[in-house]
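**Student:** Those protein sequence lines, which keep their order, are chains A and B. Here the numbering used here is used: position 96 in the first sequence is 96, and no number is missing along the way. Here the numbering used here is used: position 78 in the second sequence is 78, and no number is missing along the way.
Calculated from the structure, these hints are not laboratory results. Ideal Cβ placement from N, Cα and C applies to all residues, glycine included. Hints are supplied without guarantee of correctness; some may be wrong.
Claimed, not checked - Taking lysine to aspartate or glutamate pairs in the EDC-like style, the calculated list, with each CA pair at most 20 Å apart, reads:
(1) B:Lys6 / A:Asp229
(2) B:Lys6 / A:Asp145
(3) B:Lys7 / A:Glu178
(4) A:Lys78 / A:Asp145
(5) B:Lys6 / A:Asp249
(6) B:Lys7 / A:Glu179
(7) B:Lys6 / A:Glu179
(8) B:Lys3 / A:Glu179
(9) B:Lys241 / B:Asp60
(10) A:Lys137 / A:Asp249
(11) A:Lys5 / B:Glu177
(12) B:Lys192 / B:Asp182
(13) B:Lys3 / A:Asp184
(14) B:Lys3 / A:Asp176
(15) A:Lys73 / A:Asp249
(16) B:Lys3 / A:Asp249
Said to hold, decoys possible - Which residues of chain A face chain B? A partial, calculated answer using Cβ under 7 Å:
(17) Tyr104
(18) Pro263
(19) Ile264
(20) Lys277
As the list claims (entries may be wrong) - To give an idea of the chain B side of the interface with chain A (calculated C-beta under 8 Å), a few residues:
(21) Gln2
(22) Trp47
(23) Val48
(24) Asp60
(25) Ile116
(26) Leu130
(27) Tyr131
(28) Phe133
(29) Thr135
(30) Ile163
(31) Ala268
(32) Ile270
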Amino acid sequence: MAAKKKTANIAIFIILFALALLFLYPIFVVLMNSFKSKLYIATQPFAFPSLLPDGNNAATFVGFTNYINGIVKTNFMKAFGYSAFITVFSVGLIVLFTSMTAWYITRVKSRITSTLYYLFVFSMIVPFQMVMFSMSKVASMLHLDNPVGILFLYLGFGSGLSVFMFSGFVKSIPLDIEEAATIDGCNPIQIFFRIVFPILKPTAITVAILNAMWVWNDYLLPLLVIGNDYKTIPVAVQGVLTGSYGSKDMGALMAMLVISIIPIIIFYLSCQKHIIKGVVAGAVKG
Amino acid sequence: MQKTLKKYFAFFALPTVIAFTIAFLAPFVMGLYLSFCKFTTITNAKWVGFENYIKAFTTDDGAFLSALWFTVKFTVVSVLTINILAFALALLLTRGLKGTNLFRTVFFMPNLIGGIVLGYIWQLIINGVLYYFETTITVKASYGFWGLVILMNWQLIGYMMIIYIAGIQNIPGDLMEAASIDGAKPTQILFKITIPMVMPSVTICTFLTLTNSFKLFDQNLALTGGGPGTSTRMLALDIYKTFYGRNGFEGVGQAKAVVFFIMVAAIAFIQLRATRSKEVEN
């Protein structure tokens with residue numbers, strides 16, 4: 001019986017191991033091709049880049065040429081800067097302002113606050129296509145069509161899920177602590193920043209991770225609002241092949257895919273526990 | 001305390017409320033109104049009644065309806081495959097094997113990569129395979145369809161697997177023990193205990209895969225761009241192309257977007273009600 005279980009476990013381990021390799025293989029193929037001459041990517045995508053000429057075939061290894069081409073063509077350093085700036089600051093704004101709002105609308109009971117709550121929840125099911133046209137027009141009318149203005153749009157569009165998650169947690173905090181602080185002479189601002197916000201920290205991490213993943217990878221909103229003047233990474237990557245940078249360059253595309261994945265993998269490996277926990281918490285509550 | 005706090009509306013809630021109004025509420029209301037208008041920007045809208053809605057379903061030989069049909073087929077296939085595979089993986093990863101954490105890490109990772117990048121990764125792989133058959137992904141609609149299904153599985157299996165693992169680990173151990181003492185076979189335990197007990201996870205995972213597949217845009221744009229022709233266009237991409245692909249069709253695009261919104265809302269509502277009723281009390 002025990003031996004039978006052991007063989008079963010070994011078989012399962014082998015299956016899982018094979019599956020894990022299969023999961024990593026696409027990324028590996030992209031990495032391999034990012035070092036290959038662009039002329040050979042379409043015709044031999046699964047072959048290693050060759051260092052030496054082989055018979056009639058030239059060497060396909062080109063070193064970092066694709067990376068240099070891609071970075072120059074797409075102005076990748078700038079794109080990286082825009083993406084990083086927009087992600088960091090919009091996540092900061094979202095965490096700060098939606099936690100304040102969630103605390104307020106949970107603690108103050110009135111018709112206005114409950115209407116607001118339902119509007120926030122409602123906004124979560126509305127697909128972006130419903131508002132994309134009017135939102136981008138409103139944004140340009142209000143001069144929000146720059147990397148600073150777009151932060152404000154992310155705060156507004158991201159507030160639904162974030163307010164919802166924060167208020168779920170605020171409801172579980174006993175009122176006594178806040179009442180004791182009031183009696184001790186704290187005003188609501190002090191109560192929030194000294195008492196409530198520290199208690200909200202686990203939810204704040206979840207909200208930050210969910211929003212960071214969304215903003216960093218978002219394509220349509222930055223394309224429509226600031227896409228002409230400020231290209232974020234997804235917009236720049238999409239532009240490599242669509243011709244706005246001249247001829248289609250598969251090599252540059254491969255290199256750009258690799259550099260856009262690297263920050264995500266570093267982020268994932270460095271705070272994997274928080275990410276998995278946060279994503280699950282977000283799913284369960286959402 | 002409520003009384004004093006009430007006066008602080010401007011400090012605590014106003015910034016979010018203003019941003020929410022500008023980014024969501026106002027555009028949403030405008031969107032509803034504009035779907036009944038002919039316009040090129042929001043300042044020159046002219047009321048045309050239901051014309052846009054009629055055009056939405058009739059222009060281009062009903063391209064919107066074929067996008068809807070493609071989206072529905074894609075959604076059904078990916079919801080089924082993703083959930084079955086993710087649940088199977090979760091079962092394998094809750095047996096206390098060595099390396100479980102490492103496998104979890106690997107399977108979950110694709111979920112963090114953005115849709116555009118995912119689309120191009122799989123375009124390379126699928127075109128690479130199809131090259132041996134001297135064809136490409138944009139030659140036949142079925143290539144694009146299965147390409148999207150594979151991509152979506154690769155992206156979401158790990159994510160759903162994590163939710164199923166949490167569900168399986170929540171099942172009280174004595175329940176399993178009691179069943180095996182009573183002589184239940186492993187398949188009986190699976191169908192009579194494990195599956196009913198993870199129904200809450202099933203609700204969440206079905207909901208997430210359903211809405212994510214139905215609303216798919218980035219991956220669709222990057223992988224096939226809707227080609228060949230418009231045969232692999234999903235709803236979101238069709239709406240985008242109607243808005244920005246052709247002058248004078250902004251109103252039709254907006255009408256399609258309203259229909260799309262109503263469908264998403266209806267799916268979310270019906271699905272949550274239907275699976276919630278299948279959950280057993282813990």
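**Student:** Look at each hint and say if it fits the structure.
**Tutor:** We went through each hint and held it up to the structure:
no. : hint                : in the structure
1   : B:Lys6 / A:Asp229   : violated, 42 Å
2   : B:Lys6 / A:Asp145   : violated, 34 Å
3   : B:Lys7 / A:Glu178   : holds, 17 Å
4   : A:Lys78 / A:Asp145  : holds, 17 Å
5   : B:Lys6 / A:Asp249   : violated, 59 Å
6   : B:Lys7 / A:Glu179   : holds, 17 Å
7   : B:Lys6 / A:Glu179   : holds, 15 Å
8   : B:Lys3 / A:Glu179   : holds, 12 Å
9   : B:Lys241 / B:Asp60  : holds, 12 Å
10  : A:Lys137 / A:Asp249 : violated, 33 Å
11  : A:Lys5 / B:Glu177   : holds, 17 Å
12  : B:Lys192 / B:Asp182 : holds, 13 Å
13  : B:Lys3 / A:Asp184   : holds, 16 Å
14  : B:Lys3 / A:Asp176   : holds, 16 Å
15  : A:Lys73 / A:Asp249  : holds, 10 Å
16  : B:Lys3 / A:Asp249   : violated, 63 Å
17  : Tyr104              : holds, 4 Å
18  : Pro263              : violated, 10 Å
19  : Ile264              : holds, 5 Å
20  : Lys277              : violated, 9 Å
21  : Gln2                : holds, 6 Å
22  : Trp47               : violated, 16 Å
23  : Val48               : violated, 16 Å
24  : Asp60               : violated, 18 Å
25  : Ile116              : holds, 5 Å
26  : Leu130              : violated, 10 Å
27  : Tyr131              : holds, 7 Å
28  : Phe133              : violated, 13 Å
29  : Thr135              : violated, 12 Å
30  : Ile163              : holds, 6 Å
31  : Ala268              : holds, 5 Å
32  : Ile270              : violated, 12 Å
Consistency note: the structure conflicts with the earlier hints numbered 1, 2, 5, 10, 16, 18, 20, 22, 23, 24, 26, 28, 29 and 32.
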